[in-house]
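Colleague: Listed here are the chains, written in short residue letters.
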Amino acid sequence: MSAASFLGIAALVYTHGFYGLIFSVGWLVGWPVILFLIAERLRNLGRYTYADVASYRLRQGPVRTMAAIGALIVVIWYLIGQAVGAGQLLHTLVPQMTYRQSVVLVGVLIIIYVTFGGMKATTWVQIVKAGLLLGGATFIALGVMAHEGFSFEKLFSDAVRIHPQHMAIMKSVVPIGAKPNPIESISLGLTLMFGTAGLPHILMRFFTVTDAKAARKSVLYGTCFIGYFYILTFIIGFGAIVLVASNPAYLVDPATGIALKGGGNMPAVYLAHAIGGNLFLGFISAVAFATILAVVSGLTLAGASAISHDIYANVMMKGTATEAQEVRVSKIATVGLGIIAIILGIMFEKQNVAYIVALTFSIAACSNFPILVLAVFWRGLTTRGAVLGGYTGILGSVGLLIIGPTVWTKVLGMGPAIFPYDYPTFVVLPAALMVAWIASVTDRTAGADAERRAFEAQEIRSETGLGAEPAALL
Amino acid sequence: MSTELTVSRIQGDPKFHQLVRQRDGLAWALSAIVCAIYFGFIMLIAFADDFLTQPVAAGSVIPVGLPLGVGVIIASIVLTGVYVYRANTTFDRLIHDIIQDASK
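Residue numbers (this note's numbering), protein chains in the order written: chain F, 31 to 504; chain P, 1473 to 1576.
Incorrect hints may have been included.
What the hints assert, rightly or not - With a Cα cut of at most 25 Å, we get these calculated SDA-like pairs of lysine to any residue:
1) F:243 x P:1503
2) P:1487 x F:245
3) P:1487 x F:241
4) F:247 x P:1562
5) F:247 x P:1571
6) F:243 x P:1497
7) F:440 x F:429
8) F:247 x P:1557
9) F:201 x P:1531
10) F:201 x P:1539
11) P:1487 x P:1568
Hints are computed from structural coordinates only; laboratory data are not their basis.
Hey, can you work out the whole structure from these sequences and the hints?
Modeller: If you want it as structure tokens, here you go:
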């Protein structure tokens, strides 16, 4: 759960109505499946990152490099969404600062925060901020419902009356103005669900709790809160149509439409102002801003550890790096990631952050997710299959995203997109699975046979946790 | 005691096979239900948007898809609860027994 998805979904609903609900639903349903099929096995294996699991019984070097690159690319795309959200927020609150200056300031704050913080701080910060965000969102939703006499019927009919597209916000299952497109809808559906399972920083969360019982319960509470939060966000989006779009003070030009001052991702922030005045606006902005910083720090840490732990310490130095060296590489990586986030955050200024996050999910769903699933469930996966399949997913999804409508047309301004779909998942996910399968079954080397035989021991451990946490079990 | 010995003991333990069968059965069944509900919803969006966007009642502006979408979210939460309950009661006991038998 991130503040960017809060701002982004509310903004999607504000502009496109019903369409935003698909994002709320899709982002939630990934969780139960992760819990049922993947989380417990990874925990039992005693492996904490996607790279660790993928290389459990396969050759360290190539698999770890591939997994670390996949994790890194997902982290960088995810950072864009958060940087745009935080940048617009700062720019809206302090109009004297330009959007660019805001994004640069956000990037610098992230670098300072991560360099001096560390994992423990960010985990706690996440929990506290998430609680405050949930409380704030509840207050906004209650304010909306109080204004509408606690009638959903009145809320939605007022929204239909005020929104310039009127009934279209209830009738369109695609972005308003786009043609209905079944393939795009299915691809979006796949992306949202399976992308969650491929996010490098989400898997790590399951391991910060001590025993399996508590970990499962925390996933249950988490799922409840996120589901509740996404339903709230939906009310907030429609509430923003009623209370924000009707107030010319928030709009760029009331004559031409409902575009907002300060950026397209801000309806929830203005709604906070409409309901609770300046004081509450300050509270929500501070919480949202702090949540974004916390998420970004977690992401930056995951990215920096992919570089320092996986690529540098395990692959380049073959495990001979000292801790001091690893920490230094990690700090350099943090600064590098912060700078990349600033540059891309400026390029993606005009895009909806929920879209950007969804594009991130499509990379995760195409590259990390298939290899993770095959490594855990399929005896036949070999190093060659994992590496070729993984790179197919990474290169395929990133390549098609770059020549797709969002990046090619909207961000780079290169004219009509070469690849007409926003989400490449429906092509690349099956392709990655196919390549991994073909490359594995045709692998006849002795090393591949040993890797297949090692599956038995891996399976027993992933089912029982044998050897991973004897103290907790006995 | 070597890990290989433990591994082969566990493989011979009927309780291990019972655990794998029961837990994997439940996990896959629940996953299949979540996927069926969710992709059912997505398929309606892709191919039957007329159905989803019709009003819930005459004179209402609320489309049928809205309560359905909220229903998908609630169903996911309920199924998560089912799994957590079963895992925390039945499966953990089985795992405990298996590991103790194998390390005797």
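Colleague: Now tell me if each hint is right for this structure.
Modeller: Checked hints:
no., hint, verdict
1, F:243 x P:1503, "holds, 20 Å"
2, P:1487 x F:245, "holds, 24 Å"
3, P:1487 x F:241, "holds, 22 Å"
4, F:247 x P:1562, "holds, 15 Å"
5, F:247 x P:1571, "holds, 23 Å"
6, F:243 x P:1497, "holds, 19 Å"
7, F:440 x F:429, "holds, 16 Å"
8, F:247 x P:1557, "holds, 9 Å"
9, F:201 x P:1531, "holds, 15 Å"
10, F:201 x P:1539, "holds, 14 Å"
11, P:1487 x P:1568, "holds, 10 Å"
Going down the numbered hints, you'll see the structure goes against none, and every one checks out.
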